[in-house]
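Chains as they are written, first to last, in our numbering: chain A, 622 to 978; chain B, 622 to 978; chain C, 622 to 978; chain D, 622 to 978.
Identical copies go unnamed one by one, so any copy, or any two together, can satisfy a pair.
Capping the alpha-carbon separation at 35 Å, the derived lysine-lysine pairs in DSBU-like fashion look like this:
{"no.": "1", "residue 1": "K770", "residue 2": "K843"}
{"no.": "2", "residue 1": "K770", "residue 2": "K815"}
{"no.": "3", "residue 1": "K843", "residue 2": "K778"}
{"no.": "4", "residue 1": "K815", "residue 2": "K961"}
{"no.": "5", "residue 1": "K815", "residue 2": "K778"}
{"no.": "6", "residue 1": "K954", "residue 2": "K815"}
{"no.": "7", "residue 1": "K625", "residue 2": "K770"}
Because the hints were derived from the structure by calculation, they are not lab data.
On a predicted model such as this, the values are computed, not experimentally measured, just so you know.
Number of protein chains: 4
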Amino acid sequence: MTTKNELLTTPVRHIELAEHNVVPLVDAMASMAYSSRDTARAASIYERMLRDGECGVILCLAGSLISAGLQKVFVDMIRNNMVDAIVSTGANIVDQDFFEALGFRHYIAGDEYKYGNGDGELRELMIDRIYDTFIDEEELRICDETTEKIINGMAPKAYSSREIIREMGAYLEREGRTPAAGNNDSIVFAAYEKNVPIFCPAFSDCSAGFGFVAHQHARRGKPVVSIDSAKDFYELTQLKIANPTTGLLMIGGGVPKNFAQDIVVAAEILGVEAPMHKYAVQITVADSRDGALSGSTLKEASSWGKVDTTYEQMVYAEATLALPLIAGYAFHKQAAVARKGKRWAEVLSQMTEPVSA
Amino acid sequence: MTTKNELLTTPVRHIELAEHNVVPLVDAMASMAYSSRDTARAASIYERMLRDGECGVILCLAGSLISAGLQKVFVDMIRNNMVDAIVSTGANIVDQDFFEALGFRHYIAGDEYKYGNGDGELRELMIDRIYDTFIDEEELRICDETTEKIINGMAPKAYSSREIIREMGAYLEREGRTPAAGNNDSIVFAAYEKNVPIFCPAFSDCSAGFGFVAHQHARRGKPVVSIDSAKDFYELTQLKIANPTTGLLMIGGGVPKNFAQDIVVAAEILGVEAPMHKYAVQITVADSRDGALSGSTLKEASSWGKVDTTYEQMVYAEATLALPLIAGYAFHKQAAVARKGKRWAEVLSQMTEPVSA
Amino acid sequence: MTTKNELLTTPVRHIELAEHNVVPLVDAMASMAYSSRDTARAASIYERMLRDGECGVILCLAGSLISAGLQKVFVDMIRNNMVDAIVSTGANIVDQDFFEALGFRHYIAGDEYKYGNGDGELRELMIDRIYDTFIDEEELRICDETTEKIINGMAPKAYSSREIIREMGAYLEREGRTPAAGNNDSIVFAAYEKNVPIFCPAFSDCSAGFGFVAHQHARRGKPVVSIDSAKDFYELTQLKIANPTTGLLMIGGGVPKNFAQDIVVAAEILGVEAPMHKYAVQITVADSRDGALSGSTLKEASSWGKVDTTYEQMVYAEATLALPLIAGYAFHKQAAVARKGKRWAEVLSQMTEPVSA
Amino acid sequence: MTTKNELLTTPVRHIELAEHNVVPLVDAMASMAYSSRDTARAASIYERMLRDGECGVILCLAGSLISAGLQKVFVDMIRNNMVDAIVSTGANIVDQDFFEALGFRHYIAGDEYKYGNGDGELRELMIDRIYDTFIDEEELRICDETTEKIINGMAPKAYSSREIIREMGAYLEREGRTPAAGNNDSIVFAAYEKNVPIFCPAFSDCSAGFGFVAHQHARRGKPVVSIDSAKDFYELTQLKIANPTTGLLMIGGGVPKNFAQDIVVAAEILGVEAPMHKYAVQITVADSRDGALSGSTLKEASSWGKVDTTYEQMVYAEATLALPLIAGYAFHKQAAVARKGKRWAEVLSQMTEPVSA
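This is chain A alone, in the form it adopts within the complex (with noise of 0.2 Å):
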C-alpha cells in the first residue's frame, strides 16, 4: 500500500496574474465563438467596472477554488485594489486559505484517483480527496482547531462572519503567518490589510462550523460566541446603501451569488431605493434548466430587479480556466491602477450595530 507521503508530494501551485500577460488571447477570443467569446465580454465587462470610480466590486467564490490553485489570483486581486468585498462559502476562506496560511498545502491527486477508485485506501490514510486533490486531514484538524482557539478568545456575543474572519486575520498578524515574515499571502490576511471585508453567509458550513461547535459544546450553559447570518446581511446591504453603483465577479453560484444578488432587494426593504446591481459576471458549469439558483441566468435575475442586463455575461467554463484570462485581462489592462481601495472594512466599523443579545 502507498504511504501517505508518497499521495502527499505535489503540492497545487496557484497561478500568477503578473506572469502571464493574456490580453493579446483574450482580445483575440473575442471575434470567435461560444464560451471564448463570452470569456472575451466578461473580461471586458469587469475591466469596465474596475474603471467605473463609483462602483463598488463584490467578489463571490463557490466551490474549491483556492485548493484548485487560484489563491494566488484571489489575493492579487484584493492587493491591487480589484475587489471591495467578498462573499464566499466557508470552505474557500476557512479550510483552504486560511488552512494554506498556517503553513499547510493542498496536493495533486494522480489522474486514477479522480473517479473513486481509492477513497477506501485514502480513508485508512486520513487523506481527503476533493476530485484531483488531495487535503491531509490531520492538517485539517488543525485548522479546526485554530478556528476554535480563535473562537475561544473572543467575546460570547453574536458576530457576523466577518468580524471572525477578521479575527483570524488578526491571529495570522499575531502568530507571524504573514507574506512580511517570509510566509505566503493569503486571502484571509490581504482583505484584512486591505480592510476587505469577506463575509461567508453559511458560516457554520466549513471548518469553522467544526471550531464553532467544540466551542459551544465546551461552555453549555455558559454565554457563546454565536455567528449571526442576518447580520452579515445587513452588513453587505449598508454596504450598497453607502456604495450604491456595485458590480458582481461570481465564481460559481450557490448561496454567495444570492446573497450578493439579495442586498439589492434588502435595500428597498430599509426604504433606500438602491440602483440593481450594474455589472455582473458569473463563471459556472451549472446549467440553468433545473431552476436551481446556481445555474440561473443574469436575465433571469433582472426580473427580480437584482441585476441590470446592460453589462451582464454568462461564462460556461470551469474557472480554473476561465478565471486566470478574465482576472488576467483586468489586471494586465491595468484596469484598477487609477482605483482606490473602498477599505469598506472600516466603513462597516464606524456603523452603528445591532446589539445581538
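Given the structure of chain A, go ahead and fit chains B, C and D onto it with the hints provided.
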C-alpha cells in the same frame, strides 16, 4: 403589453405520491441502464433506509423544488414518517413553502420566457421568474413582512434556524393556515406537527433574511433576534450522536449536502465516534468535474469519512423527473409503514442548550 | 480474477410500454416545472403528431439506446404504427438491435466499473463496456461476420443503407430469428415486416463497417458492394416530397438529427417547396453552449427553415428516463389507434432510382 | 426590422497560434486542478505524440469549429506537420471551411439571439444561426451549388469522401482560391497541398449532401457519382496498417471519434494485429452518463481494445477555450519541428483499390 393577471393564471400543481404507483415502472428500470438504473437503485436504497428501524433519515433540499411542484411529495414524506430531519436552503422553506402556506401560488410561465426573452417586461410587472415559473413579487413581499412580524414577536437572543422555523409553524397554526381549516398543507406545518426539525444553515439567504434585516434595522442599538448557524450545526450533530445510524436523501447539493455530511466529523470533534452515514442518495444535475461540492460523488465523501459506500447512489437527473419515482417507490412499497417518526424536535427541546449571549 | 461468465450474468431487460400506463403521471407532470413539464409537453406533441393523419413520423436514434433497455419501446412503436421511418446511428441498429436479434444479450455491469476502474481486466476478458453495460466481444465478432456474409450475398453495386438493412431483415426471416419462431422481436425485423425504412447515414461507422471492410478487402480489384449515403439522403428527401407533413421524434442528436432536419432543404434544392417539419421533439443531455448540432435548440433549426416552432420541445433528460414516459403516454392514450402505417419502404421500392455506377 | 446587412457586419476572426505563446500559461496550469490541469496534461500528450517520429496523428473534428474561429488553428497544424489525417463531420469541412475558402464569412451574432429570440426574423432574412453566429443562407446555397458542380465533373462511380474532398482542393487551386493568389488559406486547400487526407464518414450529412442530391436527381436512370463510406473506412484502416503507431487528437465526439477509434478493430478483422492508438486526447463538453459515445471516456475505449491508457486525457471544456491552449502549446514548444508530414494521401493513391461497381 400583457397584464400581470394574464401571466399569473395557471398555477403549478403539486404531484401526489399516492396517486401514482410507480413500483412496476421503477422495478423495470432496475434492469435497464444509465439514469433509469441509477434511479431504481436509489429508490431501493431509500426503501432500505426506511425499513432499517435504527436509521434516522435526513432529507436535504437545494434548488427550487417547491415552486416546481414537489411540495406535496415532501409533505407526504413527513406525514408518513419517511423523514426525520430536513436540511434545506432557505428559499425552499420560506420563499416557496411558507409562501404557499400563506395562500399564495407559483405560476406556469410560457416556454418563450425560459431564456430571458421578456425579463424586462416582467420587471415592470413585478413578476419574478424562476426558469419556467412565475411569482408575484408583491405576494413575496407579504411573505417577507410575515417573517419580520414573527421575528419581532420573539425574545431577542440567538436562535438556530430550526427554532425560528418552528415559530413559523406555530404561526400557521395560530392563523388557521392549516389543512384542518381547509387550507393547503405545507412542509413547515407538517414538520411542526410531526416534530420534524427543519434546518436552514444559510437562513439569512432567503425571504427570512429580508425579515431579519428589517427587524435588526428597526432595532439598531437595542437587543435583537439573531440566527446562530453554529447552533444549527450543534443541534444536528447532537441528533447524530443520539441516533448514530443515519441515511441521507439529498436533492441537489450546496450547503445542505455539505452541512448534513459534516455532522459525522463534528460528532468526532465532540469526542463521539459516530459512524459514517450508512445510506446516501443524491439527485443532481451537477457534475463532478469542477471540484465543487454540489456535484462531487458520494465516493469522494467517503474519503472524508462522511459517507459509507455500501449503500450510496448518485442519480444524475433533474429532480422533478427522478424524485416522484424514488419517493413514490418507497411510498407504494410501504417501506415506512412499520416506522415511527423519531420526533427529533422533541429530542432537541430536551437538550441542555448553549446560551448565546 | 473474475471470470467472463461471472461478469456476464444479468442481462439488460427491455422495458415494455404496454405494462406501464404512465398517462396519469405524465399528466401530473404537465403542471410541474423544468424537465417534468418539458417531458409532458413533448409527450403531448408526440400524441398530436400521431393523431394528425397526414403526418409522417420520423424517429431519430443516437446514443446507445438498445443496449440500455429501450429496444422493445422502438419495436412496439413500429408494430403499433407509431413511426414511419427511422434514422439512426449504425451502432443502435447493427451492433445492438441486430446483435440481439441474433440471440445475444447486453449485460448489467456493476457500479464499480462505470468510471473505468477495471477496463484493463475487461480488455483481457474480451468484454466491451458501454458505461454501465457489458458486451461479449466474441459475440460482437459473430455479428460483424454475419453482416459480411449478408453483404457477400448481394450483387456488387452501390446501395443505400436502407437497402442493406432491409437485407438484414430478410436474413432474420430466412434464418428464423423471428418472434413467430419463438425468438425475440427486433427493430430490424419489425421494420422489415411493417415496411418502415431504416437509414443509417454513417453506416460504415458500426459493426456493418467491419463487414464492409472485410468484404471490400477480400474483393480487391473486383466489383464490390458499396454504401452510398448520398442515396440515403436522396431517398429520405423523396419521402418528404411524397408526404409533406412530417414530425420528428429525436433521441439524442448527432448525424441522425442533422440528416433528418436537412431533408426540408434538400427538397427545396430539388425544386419542391416542402414545408418545415411541423412537429419536433428532442430528448438529449447535450447542451447548446458549444454550438454543436447535438444540443442546438429546435428554435435554432427554425432559423435554417427546417423545423416549425409551434410544436417543438427540447427535453433535457437522459433517454431511459424520459422516453418510456413520452412514448408510453402516446401509446396508452391510443394516439395511433386510427393510424395506418405509411409503408414508406414500398413507396421507395417504386421510385425510379438513380443508377450508382 | 433590422436588415440583413446590419446583422452580417462583424465577421468571426480566426485565432492565430503563432501570435500567442501559451507555453508559460499551460505550464502553470499543470500544477493547478480540474480542467486547467487536464488541459495541460492533454497539451503535453499532444506534444509527446508529435515528438514520437513513428506516430501518425489523426485529428477528429465534430461540432461547429470552423464557424467559431478555429479554422486557422487547423490550417496551421496542417502546414506545420502537426497532423497526418483528418476525420471530420461534413459541416466543418464543406459548409464552413470550403465555404470560407470560397470567400464567404461567418458573422458574430448579438448575445440576444443566442436563446432563440429572433429566429423567426432570421428565417425571413435568410440568415442561418449557429448558437451565437450567423451565416448568409444565400451564400450557403452557392456552396451547395459549387459542390454539385464539382461532383458533376467527376466520372460516375463510387468514391470515398476523401477522394471527393481532394477534388474540392483541386477546384480551389484551379479557381485561384489560394493564399498564393491573395485569398485566405483553408483546411481543404492546405490538406490538398500537404497530402493530408480528409475523411467525412457521414458525407451526405452536409452541404455536399445537397450537391449529391441535386446530382443524383438530375441523372435519374443514368450512372451517378456515389459516396462509399465503406471505402473511407477501408482507406483509414490501411493507413493504420501501414503506420501502426497512431495518436488521436479529438475535438468533440460523434462519428469522427467512433470511426477513428474503430480502425484498430478493422485492422484486426483484416488479419493484421495493429496496436491500440498509443496516444489519445479528447476535448468535449459531453458527459459520460448517458452512455453515448461522444462523452464516453477513453478508458472505456480501452475495454474495446481501441485506445491505450498510458497517454490518454479527456478535457471537459469547450473547444474554443481549450484548443488554442493545447495546440498552441505544442506549436510553441516546436514539438513538430523535426517532424515530416506522413503524406498519407500519396500512400492511399498507391493502394490497389477495391472496384466499386
